[in-house]
Structures are given as structure tokens and as C-alpha cells.
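Just so you know, the sequences run in chain order A and B. With the working numbering applied, the first sequence covers 43 to 318. With the working numbering applied, the second sequence covers 1315 to 1617.
If you are wondering where the hints come from, they were derived from the structure by calculation, not from laboratory data. Honestly, I wouldn't trust all of these hints.
[Claimed, not checked] Below 25 Å or equal to it, Euclidean Cα-Cα: the simulated DSS-like pairs (lysine-lysine) are: (1) B:Lys1427 - A:Lys307; (2) B:Lys1427 - B:Lys1524; (3) A:Lys144 - B:Lys1524; (4) A:Lys208 - A:Lys144.
[Unchecked claim] Derived DEER-like restraints, expressed as beta-carbon distance ranges: (5) A:Phe102 - B:Gly1535: 47 to 53 Å; (6) B:Met1608 - A:Pro92: 51 to 57 Å; (7) B:Asp1515 - A:Glu99: 57 to 63 Å.
[Stated by the list, open to error] Here are a few chain B residues that sit away from chain A, every Cβ distance over 12 Å (derived from the structure): (8) Ser1376; (9) Gln1398; (10) Val1538; (11) Leu1541.
These figures come from a predicted structure and were not determined experimentally. Just so it is clear, CB atoms sit at the ideal spot from N, CA and C, and this is done for glycine as well.
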Amino acid sequence: MRSYLGLYFTRIGFSVATALIGVFFALPLVWFIFAPFNPRAELGLSIPEPFSLANFEAVFQNGFAMRGLWNSLVQSVGGVILVGAGATLASYALSRSPIPGKSVITYILLLFSSVVSGSAAMVPIFLIINGIGLIDTQIAVILVFAGGLLPTAMFILRDFIDSIPKSYEESAMVAGASPVQAFFDVALPVIRPGIVVVVVWAFVSIWGSFLIPFILLRSSEKMPASVAIYSFYSEAGTPIVTLLAAYSLLYSLPVVILYLFVSWKFGFRFFGGIKA
Amino acid sequence: MKSFSLLSRGTGAAFLAPAGLLIGAFVIAPFFWVIFVSFTNRSLLGRTAVDPDFVGLANYFSLFDAATFFTRGEFGSSLILTIQFVLLSAVVGQAALGMLLAWMLRSVPRSLKHLTETVAIGAWILPEVVIAFAWFAFLDYENGTLNMIMEALRFPRGDWLLSFPFWAIVVFNTWRGTAFSMMLFNSAFSSIPPSYFQAADVAGASSWQKFRDIGFPLIRGHVVTDLILITMWSFNVFTPFLLTSGGPSYRTEILPIYTYRIAFRDFDFGKGAAVGVVVMLINLIFALFYLWVMRRRAKGVAA
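This is chain A alone, in the form it adopts within the complex:
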């Protein structure tokens, strides 16, 4: 009997403790739920009365702010295309071709990509981009992210392709398809869920990043939202809270939507697990 009572109390104790920790995680975000809808928002917490979309109107009318979101989109989509295409081709080759030392290659690339972090390599990345004349261009941000995210993307996708039986493509080739046709018409449709995972992960990594565009871009009309958001400070350095709050919410939306999409489609696992 004692142990049932014990279990019961454990359950209550754990529930209270979990609720408290949950509150700890929720508190810093509570402000962020109300402030975007409050035209008189300050750094303090207050319930807007009435709820209003005036802050969003102001953001939509701010060309510079919208430009930032557009640039984020350009850089993320550009990076995602390179990562998705590059990783699919490369991991397919690593899985299906007779190249010697295939698994060693994968591990060495993974090793490099985890050692060469953005913060350790900001100097050489800046110098290389400067050296090839791409400083202050969006393509520079796209290329740097593509290079940095590719090893992990290849690692994930290779696992995925290895688990698909070769007989799919083999039967296509027996029927007369070329290896390249077998790849595009037979293998690619089967690999697609893996590609979706990699693409979403890469998109979120680039969309949320600050450091790389911060050091590679100079002119304000090329800044992504993560850097452009710092223009919502007055000259004295105080934030224009109403705009910042609404803009932050808009800027977070794609991440939240993608998260919901992934957890609905695949069951949430280690989404965004490895950060640049």
C-alpha cells in the first residue's frame, strides 16, 4: 500500500516541479505574446486594450523592414537550394558509387564542419569572401552557409539513401534506364522525405542566423531581418518597442510554421539539432 501512496505523491510532486520549470520557460516569452498587439507597448508586461494590429501596419509600411524579410527569404532559399541539391547528389554518389574510402570521407567532412564553427572561423571566412570580391553581396552569405551546412546534410541523407534497397534502381536499369535516369526517375522520389527534412533544417538554420550576415554584409539594403531588426533602435540606442515586437513576431512565423509542419508530417525529432 505504501508504494502506491508513494507513487501518488511522486506524481503530484513531479507535476508541481514540472509546472514551475514550465513557467520558467514561458515567462520570457509572455511579453512577446502581448506586445506586438499593443500600440503603446513598452518593455513592461501589459495586456493591450484594445488588441490592435497598428504595429503590424507600421511594419508593413516600413520598406526597410519588409526588405529585410525579403532578403532573409532570398538568402535562405538560395542556401537551401544549394544544400538540398548538393547534398542529394553527393550523398547518392557516396552511397551508390565505387569511390574508395566513402565512409572515411563522410566522417572527415563532418569533423571539419564541427571544428570550423562560424565563431572560430569568422576571420578566414571574411578574408576568403573579401579575396574573391564577394563582400557585401547576398551570394556570399548563401555560399558560406551552403558550405557550412552541407557536411551534416550529406550525413543525414546518406543514412537515408543507404536504407533504400538498390534493387529499385537496378530493375530500372535492367529495363534500359541509364544510371542518371535511374537516379532522377526512381531514386529521387523515394529519397524525397529525407530531402524535405534536410531542406527544412537548412532553411531554419539560415533564416535565424545573425553572425555570418552581420560580418559579411555592409549596406543596409542587403541585410536579412536578423540584422535589419537592429535599425529599430533610436539614435540614442533605445528600442522602438512597438515595431520591434511586431517585426519579431513576423520574423518568427516561418520558423513556427515549419516546426508545426515537420512535427505534423514526421513526428518531431531533432529538428534544427546542429546549429551553425
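Following the hints, put chain B in place on chain A, whose structure we already have.
Just chain B, lined up with the frame of chain A:
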């Protein structure tokens, strides 16, 4: 059929080329380039920007100069700060809190579990500038949510970012990253056969006994994985810059922020590169250790 391969070597190499070029140019080249630059006095402006001199180990001597090593705002002080930051926010904060949560979530009502997971994951996936701004508002002296609560509980207000900047970024990083450890431990716990725990329940074991004798020993491998990964991430994290810019007076200047200041505020690329080399060496130790653990585990499964 065994020796038949789907792609010829040529096609395989062509498929590898785009990824290989990008990784070569923006991952492998920077690795060697940073070592080279760290032996020069390259700067952003002036003569040494185009025509740097070879200075040997001078940058490293200046980093490890015993006279200033522990001075605030110098390399040694930043390194020690970073180690404290990683130990407190990643190992103690994220891993321990993540473990506690993962364990407790197993026996709390479903709705509470779902809610707690949602807010923790929210803290983890939202863009870093948004999170930093939310925390800036949260910690504000005048009206911040935290001081509002302190006042309601009859505690004195605190000017958190000025009085306790280091603890602010420790708690911030714990808050930001706990979700990863929580989810990893969560899935590790659910891979344990439920019958183990049921047998312990029948024997009248307490939750702590079940954790100590069944839960923890069976997921020890995952704990090692988690610790290495979160240590590496916290060691390289730049996000606290968005909250404190490394200040006040260098008190939150962890190595990534220090590197940024040396290279892009003082424009001393040579010295900044030398810091980068040290950081990469430490990363390399962690990464090699990680690969070694993984390989050993893979062999253990095969045997």
C-alpha cells in the same frame, strides 16, 4: 550482381563535385587559412591589409602573455570565463535540467507534459535575435517582467544585466538550449523496455531508485553524446552578444565575442585568427572524442 555498382566512378565524381567545391572553399579552406593568417599581422585597414608581414608566433605570444593573461578583456580571462560559462550553462544547466525534465515528464499528466515541451522547444527554435530581445524586455529594470514578479513577491528589484551580467547569460543559455537535452533524454528513456520499470514498481522502488539503478545506467551513452554536443555548441555560441555585447566591461565576453572584438572592432585579423586557431583546436578535441565514442559504440553493437 554483387560487384555491379549503380554509378560509374566518373558519374559519382560528378555528383560529388558541387558539394565538394562548396565544402572545400568555405569549410576546409578557412580551416587552413586561419592557421596561416594567425602567423601574420594582417589587418583590415592600412598597409598590412594588402601586404601583411610574417610575424611567427607573435600573435600567440600576445595571447598567452603571462603579464596580461588574466586581465579582464584579455584572452586568458575570456577563456576562463568561457569555461565557466560552458560548465554552468551547458553541463549543469542544460544537461541536468534536461535530464530532470525528461525524467519527470514520464509521470506527469499528458497535457502538462505537452505544454512544458512546447514552451521549452519554443525557446530553442525561435530565431536568436528574437529571443535576445524577449530577454532584454524580460530583464528590463524599469518595467521588466522579472522585476514585476520580484516586486509582487516583495523582493528588491535588480538591474540584472548590469549587476549580474555573467549569471544572466548563463541562465539565458540554459533556457535557450535545454530543449535539446530534454528531447534526447526523453527518447532515450522511452527506448528502455517498460517491463524493467514495471518490475521495479512491483518491488516498491522509489522514483529516485528507478532513476539511479535503471534509467540512468541504461542511457549513459546518450548522456555522453549529449554532453559533448552541447559543450561544443555552447563553446561556440555567439548569441549572448545580442543580449550584452560582451559587456559591461568585458564581464560577459566569451571567446566568440572576444574573437569578434579583436578582429572586427580592433581590426587585428592576425590576433583574431590566432584565437580562432585555439578555439578550433579545442573543438577538434571534442569532435575527435565524439567520433571515438561513436565508433566504439558502433563496434560494440556489431560484436
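Structure-based check of each hint:
Of the supplied pair hints, the one linking lysine 1427 (chain B) and lysine 307 (chain A) holds, its CA atoms being roughly 21 Å apart against a limit of 25 Å. Taken as a hint, the lysine 1427 (chain B) and lysine 1524 (chain B) pair is honoured in the structure, with Cα atoms around 20 Å apart against an allowance of 25 Å. Annotation: proposed proximity of lysine 144 (chain A) to lysine 1524 (chain B) is violated, straight-line Cα distance about 43 Å (limit 25 Å). Of the pairs offered as hints, the one joining lysine 208 (chain A) and lysine 144 (chain A) holds, with about 17 Å between alpha carbons and a cut-off of 25 Å not exceeded.
At roughly 50 Å, the beta-carbon separation of phenylalanine 102 (chain A) and glycine 1535 (chain B) lies within the given 47 to 53 Å, and the hint holds. For the pair methionine 1608 (chain B) and proline 92 (chain A), the supplied restraint of 51 to 57 Å holds, since their beta-carbon distance comes to about 56 Å. Our hint of 57 to 63 Å for aspartate 1515 (chain B) and glutamate 99 (chain A) holds, since their Cβ atoms are close to 58 Å apart. No beta-carbon of chain A comes within 12 Å of the beta-carbon of serine 1376 (chain B); the shortest separation is about 15 Å.
Remark: the non-interface label on glutamine 1398 (chain B) is consistent with the geometry, its nearest Cβ contact in chain A lying 17 Å away (cut-off 12 Å). No beta-carbon of chain A is positioned within 12 Å of the beta-carbon of valine 1538 (chain B); the least distance is around 16 Å. Against chain A, the non-interface label of leucine 1541 (chain B) holds: every CB pair exceeds 12 Å, the least being about 15 Å.
In terms of the numbered hints stated before, the structure departs from hint 3 and from no other.
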